[in-house]
Structures are given as structure tokens and as C-alpha cells.
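Now for the letters of each chain:
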Amino acid sequence: MKRLIKADLYRIIHGKAIYVVFIIMLFSSILAAFGMSPPMVFSIASEPSSVTELEEKKEYDEYFKYLMTLPDDPDINITTIREHMLSFKYFKADKEILSGNLNLYYIIICLAVIIITSDFTSGSYKNAITITSNRKKYYNAKFITTALMTLFIHTVNTFIVCIVNHFINHGKSDSKLSEIAIIYLLHCFPLIGLSSLLVFLAFFFQKTAVFNSVAIPLCIGYQLITAIPSLLNIRTKLLTRFEMQSIISALAYIRTPDYIIPSLIYCACMIVICYFAGLIYFTRAEIKS
Amino acid sequence: MLETALKTEQLTKKYKDNTVLNNVDMTVYRGDIYGIIGRNGAGKTTMMKIFTGLTEKTEGDYTIFGKNSKEFSKVKHRIGYLIESPSFFSNLTCYQNLKYHAIQKGIADLGHIDEIIETVRLTKEKDKKFRRLSLGMKQRLGIALALLDDPDLVLLDEPINGIDPIGISEMRETFRKLNHERNMTFVISSHILSELYNTANRFLFIDHGKVLKEMTKQQLDNECRRCIVVKVSDSKKTSALLDNKLGITDYKVTDNNMIRIYNLDEETAFINRYLVNEGIEVSAIYESGVDIEEYFKSLVGADNK
Numbered sequence: 001m002k003r004l005i006k007a008d009l010y011r012i013i014h015g016k017a018i019y020v021v022f023i024i025m026l027f028s029s030i031l032a033a034f035g036m037s038p039p040m041v042f043s044i045a046s047e048p049s050s051v052t053e054l055e056e057k058k059e060y061d062e063y064f065k066y067l068m069t070l071p072d073d074p075d076i077n078i079t080t081i082r083e084h085m086l087s088f089k090y091f092k093a094d095k096e097i098l099s100g101n102l103n104l105y106y107i108i109i110c111l112a113v114i115i116i117t118s119d120f121t122s123g124s125y126k127n128a129i130t131i132t133s134n135r136k137k138y139y140n141a142k143f144i145t146t147a148l149m150t151l152f153i154h155t156v157n158t159f160i161v162c163i164v165n166h167f168i169n170h171g172k173s174d175s176k177l178s179e180i181a182i183i184y185l186l187h188c189f190p191l192i193g194l195s196s197l198l199v200f201l202a203f204f205f206q207k208t209a210v211f212n213s214v215a216i217p218l219c220i221g222y223q224l225i226t227a228i229p230s231l232l233n234i235r236t237k238l239l240t241r242f243e244m245q246s247i248i249s250a251l252a253y254i255r256t257p258d259y260i261i262p263s264l265i266y267c268a269c270m271i272v273i274c275y276f277a278g279l280i281y282f283t284r285a286e287i288k289s
Numbered sequence: 001m002l003e004t005a006l007k008t009e010q011l012t013k014k015y016k017d018n019t020v021l022n023n024v025d026m027t028v029y030r031g032d033i034y035g036i037i038g039r040n041g042a043g044k045t046t047m048m049k050i051f052t053g054l055t056e057k058t059e060g061d062y063t064i065f066g067k068n069s070k071e072f073s074k075v076k077h078r079i080g081y082l083i084e085s086p087s088f089f090s091n092l093t094c095y096q097n098l099k100y101h102a103i104q105k106g107i108a109d110l111g112h113i114d115e116i117i118e119t120v121r122l123t124k125e126k127d128k129k130f131r132r133l134s135l136g137m138k139q140r141l142g143i144a145l146a147l148l149d150d151p152d153l154v155l156l157d158e159p160i161n162g163i164d165p166i167g168i169s170e171m172r173e174t175f176r177k178l179n180h181e182r183n184m185t186f187v188i189s190s191h192i193l194s195e196l197y198n199t200a201n202r203f204l205f206i207d208h209g210k211v212l213k214e215m216t217k218q219q220l221d222n223e224c225r226r227c228i229v230v231k232v233s234d235s236k237k238t239s240a241l242l243d244n245k246l247g248i249t250d251y252k253v254t255d256n257n258m259i260r261i262y263n264l265d266e267e268t269a270f271i272n273r274y275l276v277n278e279g280i281e282v283s284a285i286y287e288s289g290v291d292i293e294e295y296f297k298s299l300v301g302a303d304n305k
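One line per chain: the protein sequences are A and B, in this order.
Heads up, the first sequence is in my numbering, so the first residue is 1 and it goes up one at a time.
Heads up, the second sequence is in my numbering, so the first residue is 1 and it goes up one at a time.
I should point out that these hints are in silico values taken from the structure, not numbers from a laboratory.
Incorrect hints may have been included.
Listed below are the simulated DMTMM-like cross-link pairs for lysine to aspartate or glutamate, each with C-alpha atoms no more than 20 Å apart in a straight line [what the hints assert, rightly or not]:
(1) B:K231 / B:E281
(2) B:K231 / B:D243
(3) B:K213 / B:D25
(4) B:K99 / B:E115
(5) A:K16 / B:D127
(6) A:K136 / B:E56
(7) A:K2 / B:D109
(8) A:K2 / B:D149
(9) A:K6 / B:D149
(10) A:K137 / B:E56
(11) A:K136 / B:E71
(12) B:K177 / B:E195
Generate coordinates for the entire structure from the input sequences, incorporating the hints supplied.
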């Protein structure tokens with residue numbers, strides 16, 4: 001299994017796709033750090049439990065009031081927004097960018113294609129399965145490689161966001177290193193959860209075109225489904241509570257165990273269920289030719 | 001006694017209602033170049049896939065170097081293969097593709113890759129991306145992968161598809177050389193009968209998943225050789241007449257009082273008249289002798305009846 005992982009890493013390094021991913025991450029971080037977008041996702045956790053959190057919440061309320069003025073303000077431009085956002089004490093651009101880490105879902109789709117479905121599409125899975133003579137080993141190798149690459153991308157992304165934000169905003173909107181580290185560690189769970197889901201889908205559909213046609217709209221589809229009840233004024237707290245964008249955004253800001261622990265348990269269950277679902281399916285089904 | 005490299009016993013594969021392999025029995029000895037001949041859809045590729053673990057058998061079993069299917073992991077390192085079309089990553093070069101698989105197989109000596117590329121005559125295309133290779137070059141790369149870790153048993157499914165005639169001849173010489181020098185056993189499936197005839201020393205004819213015949217090259221030559229076939233009432237007396245009176249010694253008595261006379265100096269009509277005059281009842285007499293394609297057609301035709 002170690003050899004399969006090593007071979008996949010060799011293939012990834014000698015391909016172009018991973019470098020395109022880095023360029024996209026860099027470009028999007030530069031845009032986000034320069035744009036200084038006000039936070040779009042509100043904290044949905046429990047009431048503030050400290051003075052700092054209370055002040056932070058007041059500032060969030062101000063952000064939203066400011067947001068309301070933007071469409072009507074004729075003098076609004078990027079410079080004005082940047083000045084205004086940099087004046088806030090608690091707004092930190094790097095934290096805000098990292099709260100949008102669900103965007104990495106689309107990067108993980110690329111990883112699943114590079115690592116898994118390209119094997120099936122090209123037919124080279126035959127070589128690998130015969131070498132291992134064991135579908136379970138093959139599946140485990142792919143699962144681990146995708147998870148490792150997800151963590152690597154997450155690490156690189158976090159690093160790029162912090163560096164780019166520091167240089168573009170002259171250090172005025174930097175979070176503390178400890179804060180970034182906490183966000184990084186907390187985000188590992190939902191990102192590995194998403195990676196597990198995509199690994200399962202990749203092994204289920206096997207071919208790149210079919211996988212992409214399901215995986216790409218899946219995230220948006222779930223958000224649409226959760227949006228429908230809210231349009232009908234139906235209580236949707238449970239649906240949104242366990243919606244990945246909400247979890248990832250909230251974990252960037254919330255520090256209460258009441259929120260964090262259930263979220264991490266949810267992500268851990270997702271990892272376990274997707275792992276076993278994919279393993280059972282792949283070891284029993286005939287490979288689609 | 002010859003070591004058995006590969007042996008199947010009542011090997012069967014079914015997909016729902018469709019039986020793709022039906023009680024296949026075959027034996028490949030160490031050092032053989034074993035040809036599997038069959039039409040498209042005969043079950044050749046399915047058999048290869050079973051031997052390499054890409055699909056599971058339904059019934060029966062097989063052994064490779066004495067290990068059965070449950071112990072396959074103990075011998076997999078001794079097998080090289082090319083199943084269906086060669087499958088590589090289109091964005092990697094020939095060398096990178098082979099290196100990728102060398103890493104998977106745990107091959108420490110990466111210098112061996114250059115050696116294998118040289119063996120299949122792909123040195124000039126070593127740094128070309130796979131997607132830019134011609135079909136024949138892709139096949140050669142597939143064969144290179146099969147030979148990568150010096151296997152004892154090589155399974156090749158239609159290896160010469162797309163290769164030019166000179167390339168086919170070079171591949172044949174390569175297989176023979178490896179077979180002779182390293183005692184590599186080859187199992188080659190093809191529907192290009194003439195080429196397989198020139199390469200293999202034993203053959204399996206298969207159609208609709210069933211074995212039609214398994215024979216050595218000598219037996220195949222005998223089956224295909226031009227001769228006069230006579231069906232007589234008394235083969236013993238006929239043999240004596242052929243030996244003592246007509247001086248014909250190059251003949252063979254087969255089942256059911258059939259005699260194959262390979263000496264074609266005498267005309268069919270003369271032999272018929274002579275035997276009848278000597279009191280032998282001749283129920284059939286005709287000229288036979290076919291090339292391998294016609295022989296295969298006759299086997300398939302006989303099976304369909």
C-alpha cells in the first residue's frame with residue numbers, strides 16, 4: 001500500500017494539474033485579501049459568552065448595517081470598502097477568507113479525479129489492482145492518498161491566505177497565529193469528511209465524466225435544498241446546522257464546545273460511513289469497463 | 001517432469017445468464033509459449049482477467065506455479081501481463097509511466113527501465129508523452145510493462161494488435177529470446193492465427209467459452225498437413241497393404257478405422273481402386289490438409305453442429 005501511495009504522489013508531482021490548483025488558490029487568495037469582503041456568514045452558535053465575544057458580535061452587527069448601505073452608496077468603491085473594513089478591530093481578512101474554505105471542495109474534486117477516476121478512465125487501475133491483488137489495499141491506498149493531498153492543499157491554502165493577506169493589507173488585518181492554527185486544525189475534519197464523500201463517489205461512478213457531473217453540482221444542490229424550507233419560512237436549523245458551508249464558516253469563528261464537538265462528531269461519522277460504503281461497494285462490484 | 005506454470009480445472013465464469021467460460025481445462029508448462037486462439041467474444045480476455053484478479057471466477061479453480069486462486073498473492077510478483085489495450089497515463093512519458101509502475105511494484109533498480117525500453121525498441125520514444133504514441137508504440141509499451149520485473153509467467157492479450165509486420169517479427173524474436181534465455185513462460189491470446197502459429201509451441205482453441213482442443217504444435221501440424229484420408233473396414237489389413245505392396249510408410253491410423261496417408265505420390269483414385277480390388281471396403285476417401293485458419297474454422301463449425 002505504501003508503494004501505491006508513493007507511485008500516486010510521483011504521478012501527481014509529474015503532472016500539471018496540481019500546479020494549476022496552486023495558481024488558482026494563490027489568485028483567489030489575492031482577490032479575496034484585496035477585496036476585503038465583509039463576512040457573509042453569520043455566527044449561528046450560542047450567545048456570546050465573553051466580553052471579547054460580545055464586542056465581536058457588536059462589530060458583526062455593524063458589519064451587516066454597513067453591508068446594507070453598500071448598494072445605495074454612490075461613492076462606494078474598492079478603496080472605500082478596504083478603508084472601512086481595515087478600521088474594524090475584530091474583522092480579520094485571513095479569518096474571513098478561511099471561513100470560506102468550502103471552496104476547497106472543488107479543489108478536492110480535482111484531487112479525486114487526478115488520484116482515482118483517471119485510473120478508471122485510462123484503464124490503468126487494472127495494472128494497480130493486479131499488482132496489489134487486493135481491491136481493499138487499492139481502495140485504502142487511494143483513500144489515504146486523497147486524504148493526505150487534501151490536508152496538503154489545506155495547509156498550502158492556509159499558508160497562502162496568511163502570507164497574501166499580510167502583504168496586501170500590510171499586516172493590519174492579520175489574525176494571531178494561534179487563532180489560525182485552531183482554524184486550521186478544526187477545518188481538517190470537515191475537509192477530510194468532504195474528501196471521504198468524494199472518494200466514495202469516485203469509486204461508485206468510476207468514470208471521470210459521470211463523477212464530475214454528480215460531484216460538481218452536489219454541493220450547490222444541497223445548499224439549494226436547505227434554501228427551500230427557509231423560503232417557506234419553515235424552521236431549518238437542523239438542516240443548516242449540518243450543512244458543510246455553515247460548519248466550515250462557523251468553525252472559523254466559534255469556540256464553544258457546544259458547537260465544535262457535535263460538528264466534529266458529524267464530520268467523523270461522515271468519514272467512517274463514506275469509507276466503509278466505498279470499500280464495500282468497490283470490493284464487491286464488477287469494475288465498469 | 002515439467003513444472004506446471006498455469007493450470008485450470010473446470011474454470012467457469014458467468015455474468016447473470018451469460019456463460020462466458022464453460023468448464024475450461026488447460027495446462028501450461030514452464031517454458032511454454034502457449035497460444036490461445038479464439039474468435040472475438042470467445043472468452044480469451046475473460047480468462048486472462050481471472051488469472052490476474054481483475055474479475056472473479058464463478059466455478060472451478062486455477063493454479064499458478066502450484067498456488068491456487070486463494071494463494072494468488074504469493075505468486076503475483078512472478079506474473080507480468082498485458083490485458084486488453086495498454087493502459088497508461090496520457091500526460092506522462094513512456095519512461096515516467098514505466099517508473100510509476102516500477103514504484104508500485106517496488107522495483108529498486110530503476111536502470112532496468114531503460115533496459116526494458118531497449119528490449120521493446122522504444123528508446124527513441126522514451127521521453128514522448130503516451131498520448132503522442134502510435135498504436136503500435138503503445139502496444140510495445142504495454143509489453144514493456146509486462147516484462148518490467150522479469151516475470152516467470154507473462155500473460156499477453158492480443159499483444160501484436162496495431163504493430164507493423166517488421167515490429168511483429170521483432171516481437172516474436174523477443175518472446176523467443178526471453179523464453180529461451182530466461183525460461184519465461186508466455187501465454188498469448190490472439191485471433192491472428194498465422195502469427196500465433198509462428199510463435200507458440202502449444203495451443204488452446206476456444207469458442208463461446210468452451211475448449212475445442214488443446215494440442216502441441218506437432219499435433220497441429222499433423223492435423224493441418226495435406227493428406228489422403230481413407231475410411232476403411234479393416235485398418236490392419238489396409239496398413240499391411242500400404243506397407244508391403246504399395247511401399248507407403250508415411251501414414252497414420254487414427255480412430256474409427258481412418259487412415260491418413262501423407263505420401264501424395266499416389267493418386268487418390270489409384271489408392272481407392274487398389275484397396276477395393278484387395279477386398280477392403282472403402283466407405284470414404286478424400287484429400288485433406290488445411291492451413292490453421294481453415295482448421296480453426298472446421299473446429300468451430302464442428303462444435304456448432
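Hint consistency between A:K137 and B:E56 [alpha-carbon to alpha-carbon, up to 20 Å]: holds, 17 Å
B:K231 and B:D243: Cα distance at most 20 Å? Between B:K231 and B:D243 the Cα gap is close to 17 Å, so the pair holds against 20 Å.
Below or equal to 20 Å on CA atoms is what counts here, so check B:K99 against B:E115. holds, 12 Å
For the pair supplied as a hint, A:K136 and B:E56, confirm whether the alpha-carbon distance does not exceed 20 Å. Holds. A:K136 to B:E56 sits at ~15 Å (cutoff 20 Å).
Going straight from one Cα to the other, do B:K213 and B:D25 come out at no more than 20 Å? Roughly 10 Å separates the two Cα atoms, so the pair holds.
Given hint B:D109 paired with A:K2 - CA-CA distance at most 20 Å: holds, 18 Å
Given the hint that A:K16 pairs with B:D127, does the C-alpha gap stay at or below 20 Å? holds, 16 Å
Is it true that the CA of B:K231 sits at most 20 Å from the CA of B:E281? holds, 9 Å
Hey, A:K2 versus B:D149, does the alpha-carbon distance stay inside 20 Å? holds, 18 Å
Would the hint linking B:K177 and B:E195 be met if the CA-CA limit is 20 Å? Given pair B:K177, B:E195 holds - Cα atoms ~16 Å apart, limit 20 Å.
Quick one, are A:K6 and B:D149 close enough, alpha carbons at most 20 Å? holds, 18 Å
Verify the proposed pairing of A:K136 with B:E71, using a straight-line Cα cut of 20 Å. Within the cut-off at roughly 16 Å; holds.
Violation of the numbered hints given earlier is absent; every hint is satisfied by the structure.
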